[in-house]
Amino acid sequence: MKEKRALSGTTKIVMIFLGLIIYSGLVLPLAMSAGSKPSETKGRYYFRQNCKTCHTKGAVGGEITPLTRTQAQWKLYFTTAKHNRRSEPLSKVMSDDQVRDVAAYLDAHAADSPQPETCGK
Amino acid sequence: MNRRRFLKFSAGGAAGAAALATSAAYFAPFQKKQAIASGLQEIPTTCEMCVNKCSVIAVVNNGVIQKLNPNPENPRSRGMVCARGNAGLQEVYDSARLKRPLIRVGARGEGKWRPATWDEAFDFAAQKLSAVKEKFGPQGSLWSSSESFQEVFFQNLGLSFGSPNTVRHATLCLASVNLAYSATFGTVPSFDLLNSKYIIMSGANRLESFITPDTMDLVGSTTDRKARLIYLDPRFTVTASKADEWYPIKPGTDLAFILAMLNVIVGENRYDKEFVATYTTGFEQLADHIKQYTPEWAEKETEIPAKDIARVAREFSDAAPRAVYYAGRRSSWYQNDFQMRRAQAILNAIVGNWDRQGGMVPNAHVELGEYLFLPWDDPAAPRVDELDKNFPLAAKGDGAYLKLRENVLAGTPYPVKAWMIHKQDPMNALPDQAKTIRMLGQMDFVGVIDIQMSDTAWYADVVFPESSYLERQDPVGVLPGIWPVVVYRQPVIKPIHDTKTTLEIVQGLAKRLNLSQYFDYTIDQWVDAQVKTLPLDIPLEHLKKHGTYFPSGFPKYGTTLTPDHRFVTKSGKIELFSERLQETNYEPLPVYHPPAQPTAGKFRLILGRKAYFTHANTTNNPWLNSFAPENRLWLHPSSAQSVGVADGDRVEVTSSAGSIRIKVAVKQEIRPDCAFMLHGFGKRSKWQRLVADVGASDAQLLETSWDKVSGNAALHETFVKVVRV
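So the protein lines, in turn, are chains A and B.
My numbering puts the first residue of the first sequence at 134, with every later residue one more than the last.
My numbering puts the first residue of the second sequence at 78, with every later residue one more than the last.
Next up, chain A with everything else stripped away, as it sits in the complex (with noise of 0.2 Å):
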C-alpha cells in the first residue's frame, strides 16, 4: 500500500509538472494577451511609425490624426480592421497586438475624448 501510495504520489507530481508546461506553453500565452492592456505608449509609436508615413498632410492617404474620429468612429474602423478603402487587413501592416495599441492610443485621444491641455507641452 504504501508503495502503491508512493508510486501515486510520484505520477501525481510528474502529471502537475506536465500539466504546468503545458499550462504556462499553451493557455498562460493565450491569456495574457487577451488579458493584458493595450499600451498607449506602445500605440503612438506604432502610428507615428507606421502610420504617419502615408497619413500626413499631402501624402497618400490623407492627413490623419487621432483627432480625425470620433471614440465610436474609431471604434467602428477597428472592428473591420481594414484599411487603403477597406481593400486590406491591418495585419499587413501591423502586427495584431501593435494595432491593438494603436486603437488604444487613437482611442484614447478621439476627437471627443477627455483631453485637457497642460502647462509647458
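Keep in mind that the hints were calculated from the coordinates and are not lab data.
Because the structure is a prediction, the values reported are computed rather than measured.
Note that CB positions come from ideal geometry on N, CA and C, so glycine has one too.
Some hints could be false.
[To be verified] Dumping the calculated EDC-like pairs for lysine to aspartate or glutamate here, alpha-carbon to alpha-carbon at most 16 Å:
(1) B:K350 <-> B:E361
(2) A:K170 <-> B:D454
(3) A:K170 <-> B:D770
(4) A:K190 <-> B:D521
(5) B:K650 <-> A:D240
(6) B:K622 <-> B:E119
(7) B:K473 <-> A:D240
(8) B:K473 <-> A:E173
(9) B:K212 <-> B:D454
(10) B:K473 <-> A:E250
[Said to hold, decoys possible] Residues of chain B placed beyond 12 Å of chain A at every Cβ, according to the derived structure:
(11) E168
(12) K176
(13) K189
(14) E351
(15) A734
Using the hints provided, position chain B relative to the given structure of chain A.
Leaving out everything else, chain B in the frame of chain A:
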C-alpha cells in the same frame, strides 16, 4: 555688464522691470547691430528665465557673455528683454551656482557635501534607484519636474524605469484654467489683448507680477487704444493702479461676480444669439441656472455694488466680441477655482468672442517632426495619487501634486521611497513645507538636477549640476498662440563648470539602469528630426542664424467659425452645460458655494509675485534681488492697529501648518481681512545666500488645500494669526 550698469539700463529701482519693458524696446524695436563693436559675436538663442521663452541675442567676447539683447526677429518677443532676461547672465556667472556633482555627507538639510565625479554620482544614484526598484517595485519611485525643453528626457527616464509616478508642476500652476477651458472649448485659447476693447481680470496681476510681451499688449491696449480694464483684487496692485476700475472684492467670491454678469447678459438678451445657437450646447440649462444669481445677490457676496456689476456686464456685452474676461497667468487661489474658470469661459462664450479679433483665439501651431525612439512597456502599477479616482478629468501625465504628497506620506496605496527631481523646488513650490520635509525624510533616496542649490537640493542625497541655458543646446520649441513661433536654444558659450545637459545626465543614469536602448540618440539627431518638417531650405541653419522661425499669415481669426467645425469636446460643440462633468459627479454648471471666512483675530493669507522673480527661483539672483531684497507681511493700518504693530515691527505669523517671523509693512493697499506676502524668501539653503533666512517663506504657512476638480493647489485658503514679537 556690471550691477550698476544693469540698474541704470533697467531704469532703476523697483519700477525697473515694468519700466524696462515699456521702454523703446517695444515701441521701437531694438536694432540688431547697434550695440555691437567689431570682434564681438552675436549668437541668437532663447531665454529661460521664465516660461515665456523670448528670443534673445547673446553678445559674446572671447567666450564671455557681455550682454543679452532682444531679438527683433521674433514677433512674440516684441523686441524686448525684461529685467529677468537681462539678469540671465548671472545664471552663468553667479559664484553660488552648482559647479560639479555633489554627494551628501551630513544629515539631510545639514548642508555638508563632498564633490564627486560624474561616474561616482551616476553610480551612487543608480545603485540607490535600483535598490528601491528591487524592494518596492518601479512604482516606488517618483519623478517630478517643471516645464523646460529638456523635461521630456527626464520624464521618459522615469517612465522607462517603469514608474507611473511622474508629477509635473501643472497642479501648482494653471491646471484649473486648462481643465476649465478644455472642458468648455476642448482647448485653451489665447486672449487677444492687443486688440481687446474691454478686459476684466480676477487677480492675475499682469502689470506687476509677470512682465512679458503679452503684458505689453495689455499696456498698449489700456494706454494707446483706451481699452477699459476692470480689475478685481483684494490688494491695490500696480495693475489696479493702471485699471479704469478696481474693486477690492471679498476674497473667494469672484464666481459670484461672474454668475451675476451672466444673469444680466442672459436676462437682458445681451448675448450673441447666433453664435450661441450655432456653436454651443446647454444654453437653456444655463439660462435657468443663473436666474438665481442676481447682481443684488452678488453684492452681498462680493461687496461690489450691484449697480456696478450690472453696468460692467452691459459694457462687456456691448464691447463684445472685443471683450474678454481674461484668465491671466495665475494659479488657483480657492477650492472653487475650476468652477470660477468655467464661469469665465461660459461668459466669454455667450458674448461670442470666440476666435474673433480682440477676443479669445484658438492657438495656432507649427508642426515639428519627431525623433522616434523605442517605446517601453506602460507601468503596471496605478499612480500613487490615484488620479483616476480622485481627479478623473485631470491631465493624466501631470498628476495632482498635493494629493500625491498626502498619499506618499500615508504610504497608500503603496510606499514611495525614491524621489528624482528635475529643476523644481517642491520645498517652496508646495504649500505646507513641514509636510514636504517629512516626505523628503521618508525617502531612501533623493536626487536633484538643477543649476542652483535650491532648498530641495539642500535636502537631496546627490545633486547633478545642469549646464545653464546659455551653455547648452535644447530640443527645438514651438510656442503655440495667436502668432505661433518656433524658437531655438543653442549654446552661446561652452560650459564654464563641470556640468552636463539633462539629456546627458539622463543617459548617464540610463546606462547604469540598463535603459540605454530608450535613449540611444544625440541632441543633434533629436533636433534634426524636429526641424526637417519646417518649410525652409536648410532649417537648422536658419534657426542657428536667426534663433526663431514663424510662418507668415498670422494672426488668423475665424478659422473655427464654420458651422461644421467640431470642437474637441464630447458633443463637438462649446459646452456651456457639461455632460462629462455630470457623468463624473461634478457640477455641470458652475454653482456658487460661499467660501469660508477668517474668524475674529485672523487674516486670510494672500500671495503674489514680482516680475523680477520667477516663483522662488530667481530671488537669489544678485541683480534681481537688488530690486526686492526682503519680503514683509502687508497689513492694513486698521489691522496693524488691532495687532498692536507699526511698520517695520517683527511679528510671528501662525497657521495650522506652521509659523514664521517677518517684518510688517503697513499698507493702505490691502483689505483689512487679508495679510499679504511676496513668495520666494526665507530659504533654508545657505547657498541661496541673499535670501537664506531673509524674510520668510509662505510655504511654511500655507495649508494643504486643493481645487476639487483639477486638484490644483488652492493658495488663498489659509487663515493666519499675527502677534507682535
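To see whether the hints hold, each was checked on the structure:
1. B:K350 <-> B:E361: holds, 12 Å
2. A:K170 <-> B:D454: holds, 10 Å
3. A:K170 <-> B:D770: At roughly 51 Å apart (the allowed maximum being 16 Å), D770 (chain B) and K170 (chain A) break the hint.
4. A:K190 <-> B:D521: Roughly 50 Å between the alpha carbons, so the hint for K190 (chain A) and D521 (chain B) is violated.
5. B:K650 <-> A:D240: Roughly 19 Å separates the two Cα atoms, so the pair is violated.
6. B:K622 <-> B:E119: Cα-Cα ~9 Å, so holds.
7. B:K473 <-> A:D240: holds, 15 Å
8. B:K473 <-> A:E173: holds, 12 Å
9. B:K212 <-> B:D454: Not satisfied, since the Cα-Cα distance of roughly 20 Å exceeds 16 Å.
10. B:K473 <-> A:E250: holds, 10 Å
11. E168: Label holds. Min Cβ-Cβ 19 Å, cutoff 12 Å.
12. K176: It holds; K176 (chain B) is separated from chain A by about 27 Å at its closest Cβ, greater than 12 Å.
13. K189: holds, 34 Å
14. E351: holds, 24 Å
15. A734: holds, 25 Å
Checked against the numbered hints given earlier, the structure breaks hints 3, 4, 5, 9 and satisfies all the rest.
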